[in-house]
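Novice: Here is how the chains run, residue by residue.
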Amino acid sequence: MKLTLHIWRQKNAQSKGHFEKFQMNDVSEDMSFLEMLDLLNERLISEGKDAIAFDHDCREGICGACSLTINGTPHGPEAATTTCQLHMRKFKDGDTLYIEPFRSRAFPVIKDLIVDRSAFDRIMAAGGFVSVRTGQPQDANAIPISKEKADLAMDAAACIGCGACVASCPNGAAMLFVSAKISQFAMLPQGQPERKRRALNMVNQMDKEGFGACTNHYECEAVCPKKISVRFIAQMNRDYLKARILKEKD
Amino acid sequence: MALFDYLKSTLLSKVVMAVTGVILVLFLIGHCVGNMQVYIGQEVFNRYAHFLQGLGELLWIIRIVLFVCLVLHIITSIRLKWLNFQAKGQKYEVKNYVKAKLTGRTMIWTGVLVVAFLVYHLLHFTIGVIDADNFSKRNMEYYKGEVVIAEDKVLNGESNEIGKLERQAETIKVEGKELSKENDVVLFFRPDAYSMVVKSFRQPLYAISYIILVIFVGFHLSHAIQSAFQTLGLNHPKYNCFFRAVGPWLSTILVICYISIPITIWFGLVGGGV
Chain D
763 MKLTLHIWRQ
773 KNAQSKGHFE
783 KFQMNDVSED
793 MSFLEMLDLL
803 NERLISEGKD
813 AIAFDHDCRE
823 GICGACSLTI
833 NGTPHGPEAA
843 TTTCQLHMRK
853 FKDGDTLYIE
863 PFRSRAFPVI
873 KDLIVDRSAF
883 DRIMAAGGFV
893 SVRTGQPQDA
903 NAIPISKEKA
913 DLAMDAAACI
923 GCGACVASCP
933 NGAAMLFVSA
943 KISQFAMLPQ
953 GQPERKRRAL
963 NMVNQMDKEG
973 FGACTNHYEC
983 EAVCPKKISV
993 RFIAQMNRDY
1003 LKARILKEKD
Chain E
-13 MALFDYLKST
-3 LLSKVVMAVT
7 GVILVLFLIG
17 HCVGNMQVYI
27 GQEVFNRYAH
37 FLQGLGELLW
47 IIRIVLFVCL
57 VLHIITSIRL
67 KWLNFQAKGQ
77 KYEVKNYVKA
87 KLTGRTMIWT
97 GVLVVAFLVY
107 HLLHFTIGVI
117 DADNFSKRNM
127 EYYKGEVVIA
137 EDKVLNGESN
147 EIGKLERQAE
157 TIKVEGKELS
167 KENDVVLFFR
177 PDAYSMVVKS
187 FRQPLYAISY
197 IILVIFVGFH
207 LSHAIQSAFQ
217 TLGLNHPKYN
227 CFFRAVGPWL
237 STILVICYIS
247 IPITIWFGLV
257 GGGV
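Residue numbers (my numbering), protein chains in the order written: chain D, 763 to 1012; chain E, -13 to 260.
If you are wondering where the hints come from, they were derived from the structure by calculation, not from laboratory data. On a predicted model such as this, the values are computed, not experimentally measured, just so you know. No residue lacks a Cβ here, since even glycine has one placed at the ideal position from N, Cα and C. Treat the hints loosely; a few may be bogus.
With the C-beta cut set under 7 Å, the calculated list includes, among others, these residues of chain E facing chain D [unchecked claim]: (1) T(-4); (2) K0; (3) R33; (4) F37; (5) L38; (6) G40; (7) G42; (8) L69; (9) A86; (10) R91; (11) T92; (12) S195; (13) Q216; (14) G219.
Quick look at which bits of chain D chain E covers, simulated, 3 or more residues with Cβ under 8 Å [stated by the list, open to error]: (15) 797 to 810; (16) 822 to 835; (17) 857 to 867; (18) 953 to 960.
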């Protein structure tokens, strides 16, 4: 299949970026989107040109490394799919594609399509963990957890931290990510001791990183490759308010 | 200022938006129910308008609460809009929204229109600067139309008679009885809000402008109400059908009720006697 690609090129965070047009005439519909870019990069390298920089790692849809906003939608047009798992058969012969980095001020461009998502790491460091003392491992069944709670915690824990929620949000808000990371612990007994503190610290760090405020468009939920629900944002709001207004302590 | 410390937190700012928004929506519901009395008739509508005016201190408490809510809502929305604009950074060359509706993405602009409408509406029906000829003042000298006259007994609640005002030069007659400033009689005026509304909305300019602006209020509410539920943490799969639907439904019902008044008056279906 033939494609016309408009790809964002940017030398580094300081330079001003621009779109570069590429014509692809030999794309197989069985390729993944990243393989299609690999093909283009091989061509560019053989021509002695600078390859297009883009993030990728597992290429199995579980690591959260790949990004790309394809024709205005983070991770492309197929729902619940990461860019690495998106196949070219989802596009039509002759399509024109605009490929841009995940855009948000908190995700500055490093090069071309690679953005710095370390803001997420700092949010995690602010409270996205449970403090577990060393010692004898506990019996797995010693803490009863209902199936419903376990399922819900797992739904939240499915977040791969790719940042598509931020990239899609008209406000550049990171609330879906932060709420998933708060809720995966809030549902479980192990998460209770630091629950309020976690919500408070992670939300405060999110604000410090310069992410926007959610205005409940639910665009994040729609583009999330792991289908994280916005109900976790409501959960986060409740925990944060209890901690902030009612001054509830853990 | 400690009062505005909440603005430093995106989440607290959102909560302030939601709480003040809910109070303003509750007012809009109450205002709508009150307005619907225009269909019962002049007497009922005027009695209602007079009842509101007669609330005295309570009316001012309600006005102050609503004003504070409005100011907080506006300040917070500007702060959040600026923050979100900063957070978004560079725009996409191509943007394809999957779920975000136009009503949600234009909240700040419909909000500006709502404020403009509010100012227009207050200048029109509360202060009387716009369409001043039809404004029913409580001041006797400028008073036009109906008047409730009473002596002390009415004020004491013993009688509730309505008389027709007749003015001839300096003398005022009520039900044929001549009154004058020297007379030791309490005059108790009731503005003819009904005639004021009818005469205003018979003019297409006012009717059309109200219809259009109320529809924008509806757009604003359509997103706002479900948004408030979510911000306040009300999201549960069992009840989400209600939380998500109540915004569009309630705003549609409010818009229909509100715009029905200028439409029915404009087309002569209501207010024929005025």
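Novice: Has the stretch 857 to 867 of chain D got at least three residues whose CB is nearer than 8 Å to a CB belonging to chain E?
Specialist: holds (count 5)
Novice: At a threshold of 7 Å, is the proposed contact between T92(E) and chain D supported by beta-carbon distances?
Specialist: 11 Å, violated
Novice: Under 7 Å, Cβ to Cβ, is where L69(E) needs to be relative to chain D, so tell me if that hint holds or is violated.
Specialist: 6 Å, holds
Novice: Would you settle whether the hint for G40(E) is holds or violated, based on the nearest Cβ-Cβ distance to chain D being less than 7 Å?
Specialist: Interface hint status for G40(E): violated (37 Å vs cutoff 7 Å).
Novice: So, S195(E) near chain D? Judge it on the closest CB pair being under 7 Å.
Specialist: 28 Å, violated
Novice: Minimum Cβ distance from G42(E) to chain D below 7 Å?
Specialist: 34 Å, violated
Novice: For the hint on R91(E), just tell me whether its beta-carbon gets within less than 7 Å of chain D.
Specialist: 6 Å, holds
Novice: According to a criterion of three or more residues whose C-beta lies within less than 8 Å of a C-beta of chain E, is the stretch 797 to 810 of chain D covered?
Specialist: violated (count 0)
Novice: Double-check K0(E) for me: the hint is only fine if its C-beta lies closer than 7 Å to a C-beta in chain D.
Specialist: 6 Å, holds
Novice: At a threshold of 7 Å, is the proposed contact between G219(E) and chain D supported by beta-carbon distances?
Specialist: It holds, given that the least Cβ distance between G219(E) and chain D is near 4 Å, below 7 Å.
Novice: For the stretch 822 to 835 of chain D, does the count of residues with a C-beta closer than 8 Å to a C-beta of chain E reach 3?
Specialist: holds (count 4)
Novice: Can Q216(E) be said to touch chain D, with a Cβ gap under 7 Å?
Specialist: 5 Å, holds
Consistency note: the structure conflicts with the earlier hints numbered 3, 4, 5, 6, 7, 11, 12, 15, 18.
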